[in-house]
Amino acid sequence: MTGVAVHLNDLRRSFGALHALDGLDLAIQPGELVALLGPSGCGKTTALRVLAGLEDSDSGRVLVDGKDITGLPANRRDMGMVFQAYSLFPHLTALQNVEFGLKLRGRKTTAGRANEMLELVGIGGFAARYPQQLSGGQQQRVALARALAIQPKVLLLDEPLSALDAKVRVQLRDEIKRIQVEVGTTTLFVTHDQEEALAVADRVGVMRAGQLEQLAAPAEIYLKPATAFVADFVGLSNRLPGRLTDGGVEVFGSTLPLVTPATGGPGVTALVRPESVDVTPAADGTGKVLTTSFLGPTSRVTVEVGETLVIAQIASGRVSELAPGTPVRVELRPVPVALEA
Amino acid sequence: MAGLIARRARRQRTFRWIVVILLGVFFALPLIAMVEFTTRDGGDTWKLLVDWPKLSDTYPDLATGIVASLGQAALTALLMLVLLVPTAVWVRLRLPGLRRLVEFICLLPLTIPAIVLVVGLAPVYAWVNYFLGGSSLTLTFAYTILVLPYAYRSIDTGLSAIDVKTLAEAARSLGASWGAVMWKVVLPNIRTAVLSAAFLTVALVLGEFTIASLLHRDNLQVAIELLGKSSATMSVAVSFAALVLAFVLLLLLSLFGERRRKAAR
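So the protein lines, in turn, are chains A and B.
Our numbering numbers the first residue of the first sequence as 9 and each following residue consecutively.
Our numbering numbers the first residue of the second sequence as 2 and each following residue consecutively.
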């Protein structure tokens with residue numbers, strides 16, 4: 009099955025004084041997996057629910073495959089959805105849950121397709137179990153199978169992994185990506201977990217106050233954030249004092265290029281990724297190691313430079329030479345940085 | 002220490018048994034007295050009670066009352082479910098802010114004595130008489146109001162046990178109409194609550210006297226009261242049978258609930 013294009017045009021939705029969607033525009037290519045990422049209350053779930061037909065927009069249009077479906081009720085939109093909360097029907101077995109949508113469509117033989125979907129999500133052996141006999145991860149797999157069984161035009165995933173423990177979350181995240189590539193359904197994935205969004209999506213949309221701040225490939229979002237908000241929200245950033253120069257921004261004696269040209273006064277705050285910071289022991293260094301945190305293959309080192317705290321991410325093999333109190337030299341790699349607004 | 006705990010447990014066990022026995026005697030004595038009273042004639046009353054054609058001939062008013070009460074119970078349960086289940090579900094899905102108000106309205110009949118309720122219902126029933134006639138089955142409307150507190154509590158408890166909103170939205174996204182959501186998703190998951198509401202309704206309607214009597218309608222309790230003036234034995238036997246029926250309904254409800262809980266585990 010090939011995917012369809014999805015367009016959200018100038019969507020607005022308010023809840024009292026809160027503008028959950030404030031003129032949201034989003035275009036998803038056929039077969040693409042787009043993740044909407046943003047802080048709580050930024051409107052990402054509202055956008056997904058408006059697309060699903062579970063929420064009405066105050067204005068704006070929803071187009072799927074070129075057709076305006078803005079006024080169409082949820083049950084006629086042909087979209088599969090996996091919810092954050094476990095949403096399997098408790099009175100039905102896993103197989104019957106997957107068959108549910110197929111039966112509503114008048115399909116006479118549903119067991120074959122339902123079993124096929126359960127196999128696809130890797131729990132073919134659990135078909136006869138009731139939801140309460142399945143773990144959280146297994147329930148979400150069944151929910152995914154149920155959503156895919158109806159061959160939806162669009163697959164909507166509303167924080168489907170947030171209730172799962174870390175290990176299962178990573179496993180299922182990879183499974184979702186594999187299955188999405190296999191079936192080719194256009195997918196909108198809503199999450200507040202940036203690692204999840206960056207790992208699973210073809211493009212990530214970072215939302216803020218009901219609008220899209222940036223929609224780009226994960227690497228671009230991370231390495232070339234369009235705005236200070238994106239730079240700050242996605243990944244960890246050091247806020248370092250700098251000075252605007254002709255070539256970019258000068259921080260700790262290094263000139264760093266800017267993601268977007270900036271104007272204004274010379275004194276600015278640059279948002280610098282920890283992995284762009286290098287620290288080396290040096291008796292004449294201007295910094296002093298405060299703490300180190302082991303993260304597995306990499307470690308995080310917090311250095312005090314004057315009154316500024318700088319976080320650096322370095323290979324764990326080098327941590328032994330950076331004990332707290334060690335004087336260090338701080339250097340910044342010349343990767344593009346954003347400036348704080 | 003262990004001896005102290007064992008002694009305390011023994012004392013508590015003894016106290017529990019004393020309470021159970023005292024309450025058992027309190028409830029059982031009147032029932033035993035009823036059985037004893039109705040079997041003084043060698044069991045003729047009970048033989049007549051289970052012989053419907055003969056009973057109808059001998060006590061036509063009683064037969065009419067039984068039929069009327071059964072009809073009222075069935076219709077009230079049906080009307081209550083048709084009104085209450087979709088309302089409770091809709092309030093949870095779309096109007097959660099109104100939940101407290103709906104609960105308050107549904108609980109109101111509990112605070113209003115039946116006699117006061119009748120004063121309010123009498124003029125309404127003048128119109129009911131005008132449009133629908135004076136059938137005893139029209140009491141269904143009054144009884145639906147009367148059972149609201151019990152039925153609402155039961156259904157609301159059932160709905161609280163499931164995530165109605167998510168289940169309904171999941172079903173909608175899979176293509177279910179609102180009717181299908183109710184019939185195929187919500188109702189199967191609140192089956193015990195619906196049964197509980199229906200059983201309580203039946204038990205309540207079978208025991209109702211005030212409204213029927215004051216609105217001059219037939220039902221079982223009115224018939225029993227009338228019968229008491231001419232045949233005390235049969236009156237007590239029918240009362241006993243009605244009580245037993247209510248006990249059986251509540252027992253069935255309890256057993257069904259337990260079976261569902263075990264199945265869920």
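Any given hint could be a false lead.
As the list claims (entries may be wrong) - Below, a list of computed lysine to aspartate or glutamate pairs in the EDC-like style, where the Cα atoms sit at most 20 angstroms apart:
id : chain 1 : residue 1 : chain 2 : residue 2
1  : B       : Lys166    : A       : Glu283
2  : B       : Lys185    : A       : Asp86
3  : B       : Lys55     : B       : Asp45
4  : A       : Lys232    : A       : Glu283
5  : A       : Lys185    : A       : Asp201
6  : A       : Lys161    : A       : Asp73
7  : A       : Lys296    : A       : Glu339
8  : A       : Lys75     : A       : Asp86
9  : B       : Lys166    : A       : Glu63
10 : A       : Lys75     : A       : Glu40
11 : B       : Lys166    : A       : Asp73
12 : B       : Lys230    : B       : Glu104
Treat the hints as calculated values from the structure; they're not laboratory data.
Quick rundown of the hints versus the structure:
no. : hint                  : result
1   : Lys166(B) / Glu283(A) : violated, 44 angstroms
2   : Lys185(B) / Asp86(A)  : holds, 19 angstroms
3   : Lys55(B) / Asp45(B)   : holds, 12 angstroms
4   : Lys232(A) / Glu283(A) : holds, 14 angstroms
5   : Lys185(A) / Asp201(A) : holds, 15 angstroms
6   : Lys161(A) / Asp73(A)  : holds, 9 angstroms
7   : Lys296(A) / Glu339(A) : holds, 13 angstroms
8   : Lys75(A) / Asp86(A)   : holds, 13 angstroms
9   : Lys166(B) / Glu63(A)  : holds, 13 angstroms
10  : Lys75(A) / Glu40(A)   : holds, 18 angstroms
11  : Lys166(B) / Asp73(A)  : violated, 29 angstroms
12  : Lys230(B) / Glu104(B) : violated, 41 angstroms
In the structure shown, a violation is registered for the earlier hints numbered 1, 11 and 12, in ascending order.
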